[in-house]
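Engineer: Using the sequences provided together with the hints, build the complete structure.
If you read the protein sequences in the order shown, they are chains V and L.
Numbering of the first sequence is given in the numbering used here, commencing with residue 296 and proceeding in unit increments.
Numbering of the second sequence is given in the numbering used here, commencing with residue 104 and proceeding in unit increments.
In case anyone wonders, no lab produced these hints; they're calculated from the structure.
Please read all numbers here as calculations on a predicted model, not as lab measurements.
Glycine included, every Cβ here is placed at the ideal spot set by N, Cα and C.
Where hints are given, some of them may not hold.
In silico DSS-like cross-links for lysine-lysine, where the CA-CA straight-line distance does not exceed 30 angstroms [to be verified]:
(1) V:K352 <-> L:K144
(2) L:K123 <-> V:K331
(3) L:K144 <-> L:K117
(4) L:K169 <-> L:K144
(5) V:K352 <-> L:K169
(6) L:K169 <-> L:K158
Cβ-Cβ distance ranges computed for the label pairs, FRET-style [unchecked claim]:
(7) V:K346 <-> L:L220: 25 to 35 angstroms
(8) V:S325 <-> L:A105: 37 to 47 angstroms
(9) V:V350 <-> L:S121: 26 to 36 angstroms
(10) V:P334 <-> L:H188: 26 to 36 angstroms
(11) L:H188 <-> V:T372: 44 to 54 angstroms
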Amino acid sequence: GQQVMQIPQYQHVQEGEDFTTYCNSSTTLSNIQWYKQRPGGHPVFLIQLVKSGEVKKQKRLTFQFGEAKKNSSLHITATQTTDVGTYFCAGDRGSTLGRLYFGRGTQLTVWP
Amino acid sequence: GAVVSQHPSWVICKSGTSVKIECRSLDFQATTMFWYRQFPKQSLMLMATSNEGSKATYEQGVEKDKFLINHASLTLSTLTVTSAHPEDSSFYICSANPATGRTNEQFFGPGTRLTVL
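Structural biologist: Below you can see the structure in the form of structure tokens.
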């Protein structure tokens with residue numbers, strides 16, 4: 296079954312509005328990673344969160360890792376048309392091979 | 104950052120033929136590579152973990168005789184879709200981790216779009 300749940304599946308916002316996507320794992324994670332896939336492209340690594348309660352920022356993007364290391368969120372402030380794409384979270388359960396458990400992704404559409 | 108290439112970027116084949124897709128890590132060695140399949144507007148589905156020098160580890164429900172994986176060297180893994188059928192049409196993506204110790208981020212190849220007629 297689905298190991299990492301991610302919601303919402305789709306989000307349509309007007310440029311300037313905020314956007315948030317949430318991930319929840321059924322098990323405690325070693326770390327969680329976030330990727331962005333532009334339409335027609337491949338996933339590109341954004342960030343990795345390792346510590347319980349960790350918060351990291353990249354310009355308008357804020358990433359959080361829950362205290363229990365089971366949930367995470369990505370928040371984009373004042374979206375721009377360049378933010379369009381699908382955002383995936385990926386949970387790492389600490390296997391030696393580095394296998395990741397991907398959420399189903401949130402497809403973000405930004406209207407100008 | 105690390106670069107992963109895939110070849111071909113797209114392929115169209117007739118039903119019943121076999122198709123080989125190559126995944127190369129261009130500037131690092133990868134003892135482990137991952138093969139994913141992605142349907143339109145859907146998530147990445149891990150098919151198998153490719154291990155250099157040993158057999159691949161397949162996910163549940165993935166036919167190992169259908170999707171042959173060979174990790175020939177530390178920079179090359181191949182996925183062969185044998186006797187392809189229209190339902191095998193999909194976007195196939197590989198990834199690898201340079202394992203520098205700083206993060207274990209995955210670097211993805213650009214993907215291969217397979218269309219089986």
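Engineer: Measure nothing beyond the straight line between the CA atoms of K352 (chain V) and K144 (chain L); if it is 30 angstroms or shorter, mark the hint as holding.
Structural biologist: 27 angstroms, holds
Engineer: Return holds or violated for the Cβ distance of H188 (chain L) and T372 (chain V) against the range 44 to 54 angstroms.
Structural biologist: With Cβ atoms ~46 angstroms apart, the hint holds.
Engineer: K169 (chain L) and K158 (chain L): Cα distance at most 30 angstroms?
Structural biologist: OK: K169 (chain L) and K158 (chain L) at ~15 angstroms, within 30 angstroms.
Engineer: Check whether the Cα positions of K169 (chain L) and K144 (chain L) lie no farther apart than 30 angstroms.
Structural biologist: 24 angstroms, holds
Engineer: Honestly, do K346 (chain V) and L220 (chain L) meet the 25 to 35 angstroms range at C-beta?
Structural biologist: 50 angstroms, violated
Engineer: So does S325 (chain V) sit 37 to 47 angstroms from A105 (chain L), Cβ to Cβ?
Structural biologist: Check failed, 21 angstroms falls outside 37 to 47 angstroms.
Engineer: When you check the alpha-carbon spacing of K123 (chain L) and K331 (chain V), does it fall within 30 angstroms?
Structural biologist: 27 angstroms, holds
Engineer: Does the hinted range 26 to 36 angstroms hold for V350 (chain V) and S121 (chain L) at CB?
Structural biologist: The hint (26 to 36 angstroms, Cβ to Cβ) is violated, given that V350 (chain V) and S121 (chain L) are roughly 49 angstroms apart.
Engineer: Does K169 (chain L) lie within 30 angstroms of K352 (chain V) when you go C-alpha to C-alpha?
Structural biologist: The hint is violated at about 43 angstroms.
Engineer: Is it true that the C-beta distance of P334 (chain V) to H188 (chain L) lies inside 26 to 36 angstroms, as the hint says?
Structural biologist: Taking Cβ atoms as reference, P334 (chain V) and H188 (chain L) lie about 27 angstroms apart, which means the hint holds.
Engineer: Run the distance test for K144 (chain L) versus K117 (chain L): straight-line Cα separation, threshold 30 angstroms.
Structural biologist: 25 angstroms, holds
When each numbered hint is compared with the structure, violations occur for hints 5, 7, 8, 9.
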